[in-house]
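Using this note's numbering, the letters of the sequence shown correspond one by one to residues 9 to 843.
Among the hints, a few may not be true.
[Unchecked claim] Here are the simulated SDA-like cross-link-like pairs (lysine to any residue), alpha carbons at most 20 angstroms apart as the crow flies:
1. Lys142 with Ile229
2. Lys28 with Glu216
3. Lys127 with Phe227
4. Lys11 with Pro45
5. Lys517 with Tyr493
6. Lys186 with Gln144
7. Lys293 with Glu811
8. Lys579 with Glu496
9. Lys293 with Ser92
10. Lys616 with Val555
11. Lys293 with Lys326
12. Lys386 with Glu399
13. Lys89 with Glu49
14. Lys28 with Arg15
15. Lys729 with Glu399
16. Lys452 with Ile418
17. Lys28 with Lys142
18. Lys789 with Val645
Please keep in mind that the hints were generated in silico from the structure rather than gathered at the bench.
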Amino acid sequence: VTKDTIRTMLDLMNEYPDFKFSQSQASVYRIVEEYNPEMLEEIKKRVKEGRWEVTASTWVETDKNMPNGESLSRHILYTKKYLSDLLDMDPDSLQIDFEPDTFGHNGNVPEILNKGGIKYYYHCRGYDGYHIYKWQAPSGSSVLVYREPQWYNAEISPVMALHVPEFCTKHGIDTMLKVYGVGDHGGGPTRRDIERIMDMSTWPVFPEIRFGTFIEYFFNILSKIYDKLPVVKDELNFIFSGCYTTQTRIKMSNRIGEAKLNEAEAFSALSSAFVDGKYRSESFKKAWEKVLFNHFHDILPGSGVIDTREYAMGEFQKVLATANTEISASLRNIASKINTSELVAAEEDISETTSEGAGVGYGIESFGIPQAERGRGKTRIFHFFNPSAYERREGAEITVWDWDGDKERIEFRDADNNIVRHQRLEDETYRVWNSRYWGHTCMKLLVDVKVPAYGYSTYILKERDLVEVPVYLSNDPRVERPDEYVLENNLVKVTFDTRNASIISMIDKTNGKEMINPNRPAGIFRLIEEDDNKGMSSWIVGRYMNVYNLNENVKISEAHIDKSALRQWIKYRIYFRDSSLNVVIYLDKDSTMLKYRIECDWQERAKKGRYLPQLNFHMPVGYTCESYKYDIPFGTVVRNPMDMDVPGNSRIVGLNKESGEKSLMLVTKTKYGFRGFDNSMSLTLVRSSYDPDPYPDNGIHKINFAVGIVYGRSDIELVRKAYDYNHPISYVSNTIHDGPLPCSGSFMSLESGSVMLSSVKKPEDAPDNKLIVRAYEVEGKNAVAVLTFAKKIAKAYYVDLNEKPLENGGKATVDGDKVAFEVNAYGIASVCIEF
9 VTKDTIRTML DLMNEYPDFK FSQSQASVYR IVEEYNPEML EEIKKRVKEG RWEVTASTWV
69 ETDKNMPNGE SLSRHILYTK KYLSDLLDMD PDSLQIDFEP DTFGHNGNVP EILNKGGIKY
129 YYHCRGYDGY HIYKWQAPSG SSVLVYREPQ WYNAEISPVM ALHVPEFCTK HGIDTMLKVY
189 GVGDHGGGPT RRDIERIMDM STWPVFPEIR FGTFIEYFFN ILSKIYDKLP VVKDELNFIF
249 SGCYTTQTRI KMSNRIGEAK LNEAEAFSAL SSAFVDGKYR SESFKKAWEK VLFNHFHDIL
309 PGSGVIDTRE YAMGEFQKVL ATANTEISAS LRNIASKINT SELVAAEEDI SETTSEGAGV
369 GYGIESFGIP QAERGRGKTR IFHFFNPSAY ERREGAEITV WDWDGDKERI EFRDADNNIV
429 RHQRLEDETY RVWNSRYWGH TCMKLLVDVK VPAYGYSTYI LKERDLVEVP VYLSNDPRVE
489 RPDEYVLENN LVKVTFDTRN ASIISMIDKT NGKEMINPNR PAGIFRLIEE DDNKGMSSWI
549 VGRYMNVYNL NENVKISEAH IDKSALRQWI KYRIYFRDSS LNVVIYLDKD STMLKYRIEC
609 DWQERAKKGR YLPQLNFHMP VGYTCESYKY DIPFGTVVRN PMDMDVPGNS RIVGLNKESG
669 EKSLMLVTKT KYGFRGFDNS MSLTLVRSSY DPDPYPDNGI HKINFAVGIV YGRSDIELVR
729 KAYDYNHPIS YVSNTIHDGP LPCSGSFMSL ESGSVMLSSV KKPEDAPDNK LIVRAYEVEG
789 KNAVAVLTFA KKIAKAYYVD LNEKPLENGG KATVDGDKVA FEVNAYGIAS VCIEF
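Taking the hints into account, I'd like the entire structure generated from these sequences.
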C-alpha cells in the first residue's frame with residue numbers, strides 16, 4: 009500500500025509540475041527506507057522543492073485517548089528526530105499534527121503539542137462544533153485547529169465550490185481548504201482529480217482553485233484570524249466506544265509495554281549515572297517505535313483484521329524482551345555493587361545445592377522480569393527496587409527456589425538485623441509454596457518491605473534457630489460455625505454475601521463511613537448482551553439488551569481470612585455458558601485497595617443480528633455521585649454521568665457529592681473502557697465483536713484491577729495509587745560479596761505536593777553525565793519540584809519534548825545534590841540534569 013501509493017504520487021509529480029502532495033506518519037517513511045530506499049531520494053527532492061509536504065509529527069496517526077502522556081511525547085520526539093535526519097529537514101519545520109481519522113482527542117493534547125513545538129492540528133472526528141478554533145488545554149497552552157467541514161477522503165468535483173462562499177463568509181477569510189484523494193487504505197489523489205483542478209481553475213465566475221499545502225493554509229490564511237477565533241477548552245470526545253475494549257490483548261500489550269519501558273529506562277539511566285551501568289539508547293528507541301506503531305487508530309482501538317492483531321502482539325513480544333532484559337540487567341548491575349559481605353555470618357556447604365539458576369523463565373507469562381535464583385543454602389539475600397520517586401512500604405511477592413530449611417522457621421530480617429514480617433502464600437493462585445517447576449521446588453512468599461525512592465533495600469531470608477521442639481496437634485474440626493466472608497484490616501472492612509460473593513458492605517474504618525448501598529450489591533460480574541443493530545461491532549458498544557448477574561452462580565472454593573495477616577483472600581469460580589472465571593480477591597495490610605486477580609476463559613461468540621456478548625465488572629457506590637473523574641494523558645478529567653463507555657488511561661473515581669467525603673476508585677492494569685452512571689462504576693473487561701475480526705478475544709485472559717477508598721478530590725493521591733498499582737516493586741536475589749554501595753539507598757527522589765514524574769531517561773545522544781526528567785502537575789496550581797540525587801549536580805536547564813534546550817523555559821536552581829524547578833499548573837516540564 010505504502011510503496012505503490014508513493015510511487016503513484018511521485019509519477020504524477022513528474023507529469024504535473026504544480027501538483028503538491030502531503031504525507032503524514034513517520035512509519036510510512038520508515039517503510040520506504042526499508043523496502044524501497046531508492047524512492048527516498050525522489051521524496052527528498054520534492055521536499056526541497058516544497059511540493060512534497062511532510063505533515064508527520066507522530067509515528068502514526070495515533071489514538072489520542074489510550075496512549076499515556078509519555079507515549080504521546082515520544083511520538084513527537086522520535087518522529088521529529090527520525091524525519092529531520094532522514095529527509096534533511098529542519099525539525100522545527102514539522103509543526104502539524106495531522107489526525108483526520110483519530111477516534112477522539114484528550115484534553116491535554118494542546119499542552120503536549122505545545123511542548124513539542126507543534127502549532128497546528130487537523131482532525132475530523134470527536135467534535136461537532138467550530139471548524140476553525142483555538143483549542144486550549146487546562147494548562148493554558150493552545151493550538152490552532154482546523155476541523156474538516158466535509159470529509160478528508162474526497163474526489164474533486166464542481167459541487168465542492170458550493171460550500172466556499174458560506175464557509176469563507178462565516179470565518180472572515182477568503183480561502184477554504186479542500187482535502188482530496190484516497191487517504192483511507194491508500195491510493196492518494198488520482199489523475200482525474202488533478203486534471204479537474206487544472207480545468208476548474210480556468211472557469212470564469214468560479215472560485216480560484218490552486219494546489220497548496222496544509223502549512224500554507226495554517227500559516228498564511230488561518231494565522232491572520234487567530235486572535236478572533238473561538239476558544240474550545242474541553243476534550244474532543246467521544247466516538248466509537250467499543251474501541252476502548254475490543255481486541256483486549258492489544259490494549260494489554262500497550263499498557264504493559266508503556267509501564268515496562270518506563271521502568272527499564274529509569275533503572276537503566278540511574279544504573280548508568282551512578283554505578284557505571286550500560287544505557288542502550290538505540291534499543292529503547294526501537295522498542296518505543298514498536299509501541300508507537302501499535303498506537304495507530306485502527307490497531308490499538310481494535311478495529312483491525314486478524315493479521316493486525318497477530319502483528320501487534322508479535323511487536324509486543326519484542327518490546328517486552330527489550331524492556332525486561334534492560335530492567336534485569338540494570339537491577340543486577342546495581343545488586344553486584346551492593347556490599348553484602350556483612351549480612352551472612354558464615355558460608356554454608358554449597359556442594360549439594362541446586363538453587364542457582366533455578367526458575368529460568370518463571371513468571372514470564374505474567375510479564376515479569378526473569379527470576380533465576382542466584383542465592384544458595386538456607387540464607388538468601390534479596391534486593392527490592394522501587395520504580396517510584398517516593399518511598400514505598402508494602403507487601404512484595406518473591407519466589408524462593410530449592411530452599412531446604414524448615415518452612416515453619418522461616419525468618420526475614422532487614423540489613424539492620426530487624427525482624428520483618430512475611431507470609432507464605434499457600435493458595436494455588438500463587439503456585440503453592442512448595443510446588444515443583446521443571447526439576448526445582450519453589451515457594452511464594454510475601455515480605456513487608458520498605459524501599460527508598462528510586463532506590464533499593466536489602467532483606468535476608470534465614471532459618472530461625474530451633475529453641476524448642478515443636479509439637480504438632482491434630483487439626484480435626486471440633487465445632488462448626490456459620491460461613492462468614494469478611495476481609496478486614498486496620499483501614500477497611502469488606503463484607504461479602506455468603507450466597508454469591510458480592511460486596512454488601514465496605515466500611516472505611518478511619519471514619520466509620522459505609523461506602524456501599526446494601527440494597528445494591530457491588531463487585532459483581534455481569535454477562536451483557538449488546539444490541540448490534542448499529543453494526544460496526546468492533547467500533548460500537550451497543551445498547552444493553554440483557555444483563556445477567558454472573559455472581560448468582562458462584563462456587564466459593566477458598567477463603568484465607570485473618571485480620572492479622574499481611575494478606576487475606578477469597579477465591580471463587582463462575583461457570584457461564586461456554587466460559588468460566590477464576591477470581592481471587594485479596595486485601596493487604598495497611599491498604600484500602602481491594603485487589604482482583606482474574607483468569608477468564610472467554611469462549612463467547614457474537615451472534616450477528618442477535619447480540620454481542622460482553623463481560624463486565626459492576627461497582628455501585630453507596631453515596632450520591634454527580635460526576636466521575638478519569639485519568640487522561642498527563643492529567644485527569646471530570647465528566648458528567650453517561651450511560652456509555654468512555655476512556656480512562658487506567659481508572660475511574662465515582663466522586664462523592666459531599667466534597668469533604670471519601671470516594672471509591674476503580675483502577676486497572678490493562679483496561680480502558682469505563683462507564684460512570686447511576687451512582688455506579690463499570691469496567692468493560694472483554695467483548696466479542698464480529699467485524700473485521702470474527703474472533704477477536706476468544707481464549708484465556710488474565711485481568712487485574714482494584715477497588716479502593718480514596719480522597720477523590722486529591723489528584724496526586726489518585727495518580728500515585730494508580731501508578732504504584734501498575735508498577736509493583738521488583739526484586740533480585742544476590743550472593744555474598746564486597747561492594748561500594750550500602751544495603752539500602754536512593755539514587756533520586758522527588759519532593760513536591762502536586763507533581764508526578766512520567767520519565768527518567770538519558771538524552772537520545774546518551775552522554776554519561778546527563779539525565780532527562782519529565783514532570784507534570786496534577787492539582788491545578790503552580791508548583792516547585794525538588795529532585796535530590798545521590799551525587800552533586802553541575803547544572804540543570806529546561807528542554808522541550810525534543811530534548812532541545814529552552815531559552816525561555818523558566819529557572820532551574822541547583823544546590824549541591826538538589827535541583828528545584830517550576831512546573832506550571834496542569835503543565836509539563838522537562839529538565840536536563842548534568843553531573
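Checked hints:
With a CA separation close to 14 angstroms, the supplied pair Lys142 and Ile229 stays within the 20 angstroms bound. Restraint check for Lys28 and Glu216: satisfied, since their Cα atoms lie roughly 16 angstroms apart, inside the 20 angstroms limit. Taking the CA atoms of Lys127 and Phe227, the gap is near 10 angstroms; set against the 20 angstroms cutoff, the hint holds. Between the alpha carbons of Lys11 and Pro45 the distance comes to roughly 10 angstroms, so the proposed pair stays at or under 20 angstroms and holds.
About 17 angstroms separates the Cα atoms of Lys517 and Tyr493, which keeps this hinted pair within 20 angstroms; it holds. The straight-line distance between the Cα atoms of Lys186 and Gln144 is roughly 25 angstroms, outside the 20 angstroms bound, and the hint therefore fails. Distance restraint check for Lys293 and Glu811: the Cα-Cα separation of roughly 14 angstroms lies within the 20 angstroms cut-off, and the hinted pair is therefore satisfied. The straight-line distance between the Cα atoms of Lys579 and Glu496 is roughly 16 angstroms, inside the 20 angstroms bound, and the hint therefore holds.
Only pairs whose Cα atoms come within 20 angstroms are accepted, and Lys293 paired with Ser92 is accepted, the gap being roughly 16 angstroms. Distance check on the hinted pair: Lys616 and Val555 sit about 18 angstroms apart at the alpha-carbon level, within 20 angstroms; holds. Taking the CA atoms of Lys293 and Lys326, the gap is about 12 angstroms. The hint holds against a cut of 20 angstroms. Only pairs whose Cα atoms come within 20 angstroms are accepted, and Lys386 paired with Glu399 is rejected, the gap being roughly 30 angstroms.
A hinted pair counts as satisfied when its Cα atoms are at most 20 angstroms apart, and Lys89 with Glu49 qualifies at roughly 18 angstroms. Among the hinted pairs, Lys28 with Arg15 is consistent with the structure: their alpha-carbon atoms are about 14 angstroms apart, no more than 20 angstroms. Taking the CA atoms of Lys729 and Glu399, the gap is near 13 angstroms; set against the 20 angstroms cutoff, the hint holds. Among the hinted pairs, Lys452 with Ile418 is consistent with the structure: their alpha-carbon atoms are about 12 angstroms apart, no more than 20 angstroms.
Of the pairs offered as hints, the one joining Lys28 and Lys142 is violated, with about 27 angstroms between alpha carbons and a cut-off of 20 angstroms exceeded. Annotation: proposed proximity of Lys789 to Val645 holds, straight-line Cα distance about 16 angstroms (limit 20 angstroms).
Checked against the numbered hints given earlier, this structure breaks hints 6, 12 and 17; the rest are met.
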